[in-house]
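Peer 1: The chain contents come next:
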Amino acid sequence: MTREQHYRRLLALYPSDHRRQHGEEMLGVLLAAHGGWRDDLDLVRGAAALHLRRTFNMDGGVSLRDAMVVVSLLGPILLLSGAAPDLHEIAWWFKADGLVAVVPYEQVPDWPAWAAWAVVAVLTLFGARRPAAAMAWVACAVHLTIISAFPINYAANYENTGLLLLGVFTTIGLTWSAGPARGKELVGRRGIWLAFGGVALSTLMVAMMSALYALGFWAYLLGPWLAWATFVFGGCLACRRVPDRRTGRHAAFVLALPLVSNLVDYGLFALLGPPLFWTPSVTTALFYGIPTLMVLAGLGILGRIRRSLPN
Amino acid sequence: MTDGALREPTFLVLTALAAGPQHGYGILLDVEQISAGRVRLRAGTLYTALDRLVADDWVAADREEVVDGRLRRYYRLTDRGAARLATEVERLRVTTRAAETRLRARTVGGTA
Numbered sequence: 001m002t003r004e005q006h007y008r009r010l011l012a013l014y015p016s017d018h019r020r021q022h023g024e025e026m027l028g029v030l031l032a033a034h035g036g037w038r039d040d041l042d043l044v045r046g047a048a049a050l051h052l053r054r055t056f057n058m059d060g061g062v063s064l065r066d067a068m069v070v071v072s073l074l075g076p077i078l079l080l081s082g083a084a085p086d087l088h089e090i091a092w093w094f095k096a097d098g099l100v101a102v103v104p105y106e107q108v109p110d111w112p113a114w115a116a117w118a119v120v121a122v123l124t125l126f127g128a129r130r131p132a133a134a135m136a137w138v139a140c141a142v143h144l145t146i147i148s149a150f151p152i153n154y155a156a157n158y159e160n161t162g163l164l165l166l167g168v169f170t171t172i173g174l175t176w177s178a179g180p181a182r183g184k185e186l187v188g189r190r191g192i193w194l195a196f197g198g199v200a201l202s203t204l205m206v207a208m209m210s211a212l213y214a215l216g217f218w219a220y221l222l223g224p225w226l227a228w229a230t231f232v233f234g235g236c237l238a239c240r241r242v243p244d245r246r247t248g249r250h251a252a253f254v255l256a257l258p259l260v261s262n263l264v265d266y267g268l269f270a271l272l273g274p275p276l277f278w279t280p281s282v283t284t285a286l287f288y289g290i291p292t293l294m295v296l297a298g299l300g301i302l303g304r305i306r307r308s309l310p311n
Numbered sequence: 001m002t003d004g005a006l007r008e009p010t011f012l013v014l015t016a017l018a019a020g021p022q023h024g025y026g027i028l029l030d031v032e033q034i035s036a037g038r039v040r041l042r043a044g045t046l047y048t049a050l051d052r053l054v055a056d057d058w059v060a061a062d063r064e065e066v067v068d069g070r071l072r073r074y075y076r077l078t079d080r081g082a083a084r085l086a087t088e089v090e091r092l093r094v095t096t097r098a099a100e101t102r103l104r105a106r107t108v109g110g111t112a
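The listed protein sequences derive, respectively, from chains A and B. Here the numbering used here is used: position 117 in the first sequence is 117, and no number is missing along the way. Here the numbering used here is used: position 25 in the second sequence is 25, and no number is missing along the way.
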């Protein structure tokens, strides 16, 4: 292998935009310099540093406005999958009691929140940004109230952390970004259909949850994860249609909050065990705070705040 | 954080560009010369620093040329970068002066 081929292989580790802009130039510098394993190590370290900078948007290369525009369009659609367990429950009651079934409210306490998000989704798709934003604030408040009011019956409180957080980021996007109309320009109709496809598949997974039990307890436990992963995957596919791939990836990260926050929660539980739940205020702060900080860091907002602070 | 101390590679790259635009390899050689051979930057470190400095608008691409079939891009210090370098030089001057004064006082005290 020639030196040039060797360096080209190492330069392939760099982010694609950096490679396009500086690849040939760096190759020239590397060939002119002395070379050796220290140069190789330095290249690997540089590639890792640049990937980190891009992941946390420290280079400011991601348009935050566009990322939030995509979230404001796809967020209300993906949040509809939060209604799937309720729909499944309601279907069960109708199946058991016939058409006159009365579903106890305690079984589906969060339905007002999902109803509100359904209204937001319709308003968003019709381009009514301001009414959608107003309704989104209502939906967040309703969801938060329900989570706080049903601490015992609402067993899935912590599992809903990500959905509530996604709701908040979606609402922020609807309120302060250019709005869903610009979002449609970025992801196109196909992007919207992909998001709906993810929600439909996720709903199907929830409906099939009891069938998973037949495969074994572990398959049953895996059910909710598959449901979350399915609608998040739909959102990610939709984000791949954003012309600027980095902006699309950052929007997808926000839309993946339900999955990310559950991973964080399970990770914390594995790390700390039952003491994690001894102080509810600390538990809540961790469950909501860590995913929020991850998104803020991912969007480069924490870096901007840090840079703007006086020395 | 905006006026915090610069890291040495950043300081040396800005210093190398203070005299005029230079290409990547030229910066590497100049940094070695400025630091009297103490610091030898490598391409990975240099281009990571340049990525950050260009994003912060302290350095900008000046011009490009092709030499022996290879692209050579020149970089220049922006006004913002020059101001930042001047601030750093002043910061270093103040601390250096304080260190000198105290060392002199120590020497005087020691001989007295």
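Keep in mind that the hints were calculated from the coordinates and are not lab data. Incorrect hints may have been included.
To be verified - Here are a few chain A residues that sit away from chain B, every Cβ distance over 10 Å (derived from the structure): (1) H22; (2) M26; (3) R45; (4) A49; (5) R190; (6) F253.
What the hints assert, rightly or not - Some chain B residues near chain A, calculated using beta-carbon distances under 8 Å: (7) G20; (8) Q22; (9) G24; (10) Y25; (11) L28; (12) D30; (13) R42; (14) T45; (15) A55; (16) R70; (17) L71; (18) Y74; (19) R104; (20) A105.
Quick reminder that beta carbons are idealized off the backbone N, C-alpha and C, glycines included.
Peer 1: Now tell me if each hint is right for this structure.
Peer 2: Comparing the hints with the structure gives:
| no. | hint | result |
| --- | --- | --- |
| 1 | H22 | violated (6 Å) |
| 2 | M26 | violated (6 Å) |
| 3 | R45 | violated (6 Å) |
| 4 | A49 | violated (5 Å) |
| 5 | R190 | holds (33 Å) |
| 6 | F253 | holds (20 Å) |
| 7 | G20 | violated (18 Å) |
| 8 | Q22 | violated (12 Å) |
| 9 | G24 | holds (4 Å) |
| 10 | Y25 | holds (5 Å) |
| 11 | L28 | holds (7 Å) |
| 12 | D30 | violated (13 Å) |
| 13 | R42 | holds (4 Å) |
| 14 | T45 | holds (6 Å) |
| 15 | A55 | holds (4 Å) |
| 16 | R70 | holds (4 Å) |
| 17 | L71 | holds (5 Å) |
| 18 | Y74 | violated (10 Å) |
| 19 | R104 | violated (29 Å) |
| 20 | A105 | violated (28 Å) |
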